[in-house]
Amino acid sequence: MAADNRFTHGHWARRDGRSAGTRSEIVTGPVSDWATDFSHLDPAWVADPYPIQDDLRQRCPIAHTQRFGGAWLPTRYQDIAAIAYDTELFSSRAIILSNFRPPRDLAPAGGSPPITSDPPFHREARKLLLPAFTKTAVSKQEPATTELCHSLIDALQGQDVIDAARDYAQHIPMRVIADILGFPPEDGPQFRKFVKNTLEGIDLPPEQRVTRMSALFYYLLGQVQDHVSNPRDDLTSYLINAELGGRKLDPSHIVGTMALLLIAGIDTTWSAIGAALWHLAKTPEDRRRLVADPGLLPTAIEEFLRAYAPVTMARLVKQDMHWRGASMTADDWILLSYPAANRDPAQFDRAAEVVIDREVNRHAAFGLGIHRCLGSHLARMELRVALGVWLERFPEFTLADPAAVTWAAGQVRGPRALPLRVLAASRGG
Amino acid sequence: MKVQIDAGCCQGHGRCYDLAPGLFGDDDEGYGMVLGDGTVPPGDEHDARLAAANCPEHAIVLAGES
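Residue numbers (our numbering), protein chains in the order written: chain A, 22 to 450; chain B, 61 to 126.
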């Protein structure tokens, strides 16, 4: 067998010739008018985006901004769904809105297949990953996840106030995805930095973003090289050996997919667990009901996913066009807010309320169409275990200081500081 | 009553086999599958309607709804 030299330095150095992409002027400062100058980085949006979205849905409903080189923000469920389904007019070539647009020749694969891929490439790239993320496949992670949640809580015993975002929620998806990819569990703190660098700070100068992103790239390359030398039964070795159309994957495909799994696997679930705990800390009747009736948890989780959907996606407009009243230009961004879709009163009864026994809940938290979140079954398992164990061990808790709760800025929304006062702890089993 | 899945719409959200495991299962890529010929046994109509009403892609067809 020939040596696998796809990941040696020389191979990568030769890849530097690809086209450059385009940069737009960085515009910061407070938003003047949400309909014409929106920014999802504005502190008002970061603190509470829902009233802004509700207002725009009534009066706009597709907002625009000249920031980020031009972007649109649809706020109605039907418009968001139509864009998610329309891969002819809207490309996934880039899915994190920033002041940099990758070159058009990056399509149809994009930098992180399959989330950045368009048809027909998308289908094959996704097919490679689907079997590893079915409900049955991820259920194998459940016992270890349960054990991890108990051990995190064991380590917090004796504290009156616990930061549930920093000391509980974030560690759960970090460890689960490290196991799946076969990365050392002690590298967790580095993952947190990678996540923050990728999803936040999108208004930093491009050079600074490139420097930060290359830290992630070199980390992943190191993991790949280690797996080439020491193959094992994990998703990294699987990707190294996988074939598409009879050929081994391009190294940039492998590293891009690993970046996707690492970033998307951590931040999103961390956010969803944290948002649910935040809701339960400030809503004692819902908390008591779930403690008394743990069988309701899966239904409640769907409602938390609807009301506090952590993920907003992005698309790039493929061509100049008039679309539902908006004069869109090729390469305009679309900020595809599944959170806004999930609170559209035209789609949901009592859309602004959190109804934990909502029986009919056709929410879009995991997206719609061909890019349905690959990790949705994993996320649901982690949420069920993380919330179930927490409620079992800490049946009574409140917000220690509502003003101390902070939320992540950017396209993934969830608490990043969540001090909870724990009133009674039961011994773990 | 019978249940069917429109395979052109299903994206593998898995709401059907979560909510009505007696009527739906998943294939090895996570897409929904109708168990048997899709005939809904008496007493399972509520599960069938729940699965259809919660599919984000509107992929579940209820046939013979009276």
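Hints may be right or wrong, so weigh each one.
What the hints assert, rightly or not - Mimicking DSBU-like on lysine-lysine, the simulated pairs with C-alpha atoms at most 35 Å apart in a straight line are:
{"no.": "1", "chain 1": "A", "residue 1": "Lys-161", "chain 2": "B", "residue 2": "Lys-62"}
{"no.": "2", "chain 1": "B", "residue 1": "Lys-62", "chain 2": "A", "residue 2": "Lys-156"}
{"no.": "3", "chain 1": "A", "residue 1": "Lys-303", "chain 2": "A", "residue 2": "Lys-217"}
{"no.": "4", "chain 1": "A", "residue 1": "Lys-217", "chain 2": "A", "residue 2": "Lys-148"}
{"no.": "5", "chain 1": "B", "residue 1": "Lys-62", "chain 2": "A", "residue 2": "Lys-148"}
{"no.": "6", "chain 1": "A", "residue 1": "Lys-339", "chain 2": "A", "residue 2": "Lys-303"}
{"no.": "7", "chain 1": "A", "residue 1": "Lys-339", "chain 2": "A", "residue 2": "Lys-161"}
{"no.": "8", "chain 1": "A", "residue 1": "Lys-303", "chain 2": "A", "residue 2": "Lys-148"}
{"no.": "9", "chain 1": "A", "residue 1": "Lys-339", "chain 2": "A", "residue 2": "Lys-217"}
As the list claims (entries may be wrong) - Between beta-carbon pairs, the in silico distance windows are:
{"no.": "10", "chain 1": "B", "residue 1": "Gly-103", "chain 2": "A", "residue 2": "Glu-145", "range": "37 to 45 Å"}
{"no.": "11", "chain 1": "A", "residue 1": "Pro-72", "chain 2": "B", "residue 2": "Ala-67", "range": "51 to 59 Å"}
{"no.": "12", "chain 1": "A", "residue 1": "Ala-263", "chain 2": "B", "residue 2": "Pro-102", "range": "23 to 31 Å"}
{"no.": "13", "chain 1": "B", "residue 1": "Pro-102", "chain 2": "A", "residue 2": "Arg-144", "range": "50 to 58 Å"}
{"no.": "14", "chain 1": "B", "residue 1": "Glu-105", "chain 2": "A", "residue 2": "Arg-345", "range": "33 to 41 Å"}
{"no.": "15", "chain 1": "B", "residue 1": "Asp-97", "chain 2": "A", "residue 2": "Pro-141", "range": "29 to 37 Å"}
{"no.": "16", "chain 1": "B", "residue 1": "Pro-102", "chain 2": "A", "residue 2": "Pro-140", "range": "22 to 30 Å"}
{"no.": "17", "chain 1": "B", "residue 1": "Gly-103", "chain 2": "A", "residue 2": "Val-182", "range": "20 to 28 Å"}
Hints in this document: simulated from the structure, not taken from any laboratory.
Glycine included, each C-beta is placed from N, C-alpha and C at the ideal position.
Satisfaction of hint between A:Lys-148 and A:Lys-303, Cα-Cα up to 35 Å = Answer violated: A:Lys-303 to A:Lys-148 is near 41 Å, above 35 Å.
Exercise. Hint says 29 to 37 Å; check whether the CB-CB distance for B:Asp-97 and A:Pro-141 agrees.
Key: The hinted range 29 to 37 Å holds for B:Asp-97 and A:Pro-141, with Cβ atoms some 33 Å apart.
query = Within 35 Å, alpha carbon to alpha carbon, are A:Lys-339 and A:Lys-161?
reply = violated, 41 Å
**Report entry** Range agreement (Cβ of A:Pro-140 with Cβ of B:Pro-102, hint 22 to 30 Å)
**Finding:** violated, 42 Å
Does the alpha-carbon distance linking B:Lys-62 and A:Lys-148 stay inside the 35 Å limit? This hinted pair holds, its Cα atoms lying about 29 Å apart.
Could you grab the alpha-carbon distance between A:Lys-339 and A:Lys-303 and see if it respects the 35 Å cut-off?
With Cα atoms ~44 Å apart, A:Lys-339 and A:Lys-303 exceed 35 Å; violated.
- Item | Given hint A:Lys-217 paired with A:Lys-303 - CA-CA distance at most 35 Å | holds, 27 Å
Handout entry: Pair hint A:Lys-217 and A:Lys-148, alpha-carbon separation not exceeding 35 Å
Key = holds, 28 Å
Exercise for review: Mind checking the hinted window 20 to 28 Å against the Cβ distance between B:Gly-103 and A:Val-182?
Suggested key: At 49 Å between Cβs, range violated.
Item to check | Outcome for the supplied range 50 to 58 Å, where the beta carbon pair is B:Pro-102 and A:Arg-144 | outcome: Taking Cβ atoms as reference, B:Pro-102 and A:Arg-144 lie about 39 Å apart, which means the hint is violated.
>> Can you confirm whether the C-alpha distance between B:Lys-62 and A:Lys-156 stays at or below 35 Å?
In response: Since the Cα atoms of B:Lys-62 and A:Lys-156 sit roughly 24 Å apart, the hinted pair holds (cutoff 35 Å).
- Are the Cα atoms of A:Lys-161 and B:Lys-62 separated by 35 Å or less? holds, 32 Å
Checked against the numbered hints listed earlier, the structure breaks hints 6, 7, 8, 11, 12, 13, 16, 17; every other hint is satisfied.
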